[in-house]
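Enquirer: The residues making up each chain are set out below.
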Amino acid sequence: MRSDILVIIFSMAIVTFATRFGCVALFRQTKMPVWLERWLKHIPTAILTALIIPALILPKGQVDITLHNHYLLAGILAAIVAYKSRNIVSTILLGMGTMIVLRLID
Amino acid sequence: MEYEQATLQASKTKIDHQEFYQGIIATGPILLGIIPFGITCGIMGLTAGLTQVETVFMSLLVFAGASQFVAITMIAGGITSWIVLAMTTLLVNLRHLLMGASLAQYMIKQTLPKQLLLSFLLTDEAYAVTTSRIYQKGYSAAYHLGVSLSLYFSWVLSTLAGVLAGSYISDPMSWGLDFAMPATFLVLLFPRLKCRISIIVCIVSALLAVAGSIWLPGKWYMITACLGATLIGGLLEGVQKYEK
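Residue numbers (my numbering), protein chains in the order written: chain C, 1275 to 1380; chain X, 15 to 258.
Please keep in mind that the hints were generated in silico from the structure rather than gathered at the bench.
All figures in this text were calculated on a predicted structure; none of them were measured in a lab.
The beta carbon of each residue, even a glycine, is placed where N, CA and C say it ideally should be.
None of the hints are false.
Partial selection, computed: residues in chain C whose CB lies under 10 angstroms from chain X: (1) Phe1284; (2) Met1286; (3) Arg1294; (4) Glu1311; (5) Leu1314; (6) His1316; (7) Ala1329; (8) Gly1349; (9) Gly1369.
Pulled out of the complex, with its shape left as it was, chain X reads as follows (with noise of 0.2 angstroms):
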């Protein structure tokens, strides 16, 4: 019996390492997109007058590009009160609430070290990459941790390569590396949208997300398109209950 219990436990180890070495491997066209992200916060961090240490620390703990980006260009604009450097973070990841939400349901049932380390690890392609693994197989705490883990460390790496080379890569950016990630959501996107309440509410997202982007400062779009979107989809959904 207990011989039985080993050798499950040993399985599930076994399975929990195959997990989040494909949590790993599912980040590796994602990583086109960030790791010129990484490098070009990196440069900015140092010409916004930050030291390098300052700025690898920056990628360290607060471990989010948009706000990085955003806080990076405001000290460089002479902003270095924290006040407005938090609030300015705070609603430009907002957002993380609306994923978080989506992926409790998962989270609570890990222990809470782990509840702790996969949150502070939480990012949109994170999210995005976990959420497509739910939709297909269910949802798996080591492959989780595999994407989190490889997101972390490309991110702090590739700002820490920054800071270092910068000034020998010309703007990173204007590679059109970043088109990777759009191109890996719209993979991770189409099997979604197999019935017709998920095809509405991409429509009504896609609406919404380009009347914020243009209307709505920073990443509120994100915030609009969501609600405005899966709110739609809660209320049809009642609607086709109902009918039924």
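Just chain C, same shape as in the assembly (with noise of 0.2 angstroms):
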């Protein structure tokens, strides 16, 4: 292994463990408060939706609205049986289904 590719490798790996332990390093020596409690509580719902709806409107990182876009169309119909089924394999089994019906006939 080269050792400029190294260095680059282990500093990306430092800065990275950096981002995902700092928060927990910091309320390990200090309690949390209560607002911030209270903030934290919507973190999953927000995250959730911001990994979720630009994966459906930008899958290719511009706006597609159209029914050219595949998980749009997709993920509506996935975000309909999830939401009566709350099931994730039956999901993603229609979704996946829809992807690729959707990729014959378009």
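Take each chain as given, in its own frame, and dock them per the hints.
Expert: Have a look at this one:
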């Protein structure tokens, strides 16, 4: 392994670990204030939404709200299935099935 | 008395094992999206001029899909300054600070080695699956570990598959398997939208995420969406409490 690449990989690893452990390290020292707990409560909802919506509306990096955007169409169907069934397997199977069908006909 | 404690300990260990396996199983659907992503990472590493060992080593040590893709693309473009790559990685991964803050209240009750290990293994996917389990049944470190390790080994092994078999596989990202991730997250999201404030948080986050994806570089949209939406959520909680 080349040393310059090794330095790059190690520095990336250290920086990444710092972002992952930073807050845990901080709250080991001090107790979490109540206002912060109230604020943190909504992080999962916000993060899940921020992971889903751009993946469906901008799958290739640009806004695509047309019938050619398979991610959006399959995503709408998957959202309905997810809402009705609350079941990961059926949501994925129907969503992926839709992706395949759309690819064949589009 | 000692006997009772021993049986209590044994049953706790048994539960932990079950939780650990449940965590592994819970990642199943997401792996559909992770594996082609990892294979692509392996192929891209080679195309960028990294060796097989270097590419896999990066997945082993960094374990952060988005920043590895960015770094490999930059290396391919001739940028080899470790400072530039470290800064870019920092910016791409800043969102983990928010996830760490959200999980800290549970993680600080674990032993330090476990805190370090679980932190090293923290990803978007591990966070999403673990918090959903917290929402349903409460936190379990064994479950969290099962989820994290399953994602880690899948990522490393699929990178390995990418560097070994890359030339035989035609662009795995074009299969559309990456749809598995938003689909899984949809199922994890809906149970959370029970009250008015959660729905508002979701809508604000969606709008900010789309706006951020259009106008901001890299993964900044995650940070703006998360900060903006949770800020509004926190304020509304305050107002609601005041009204009562």
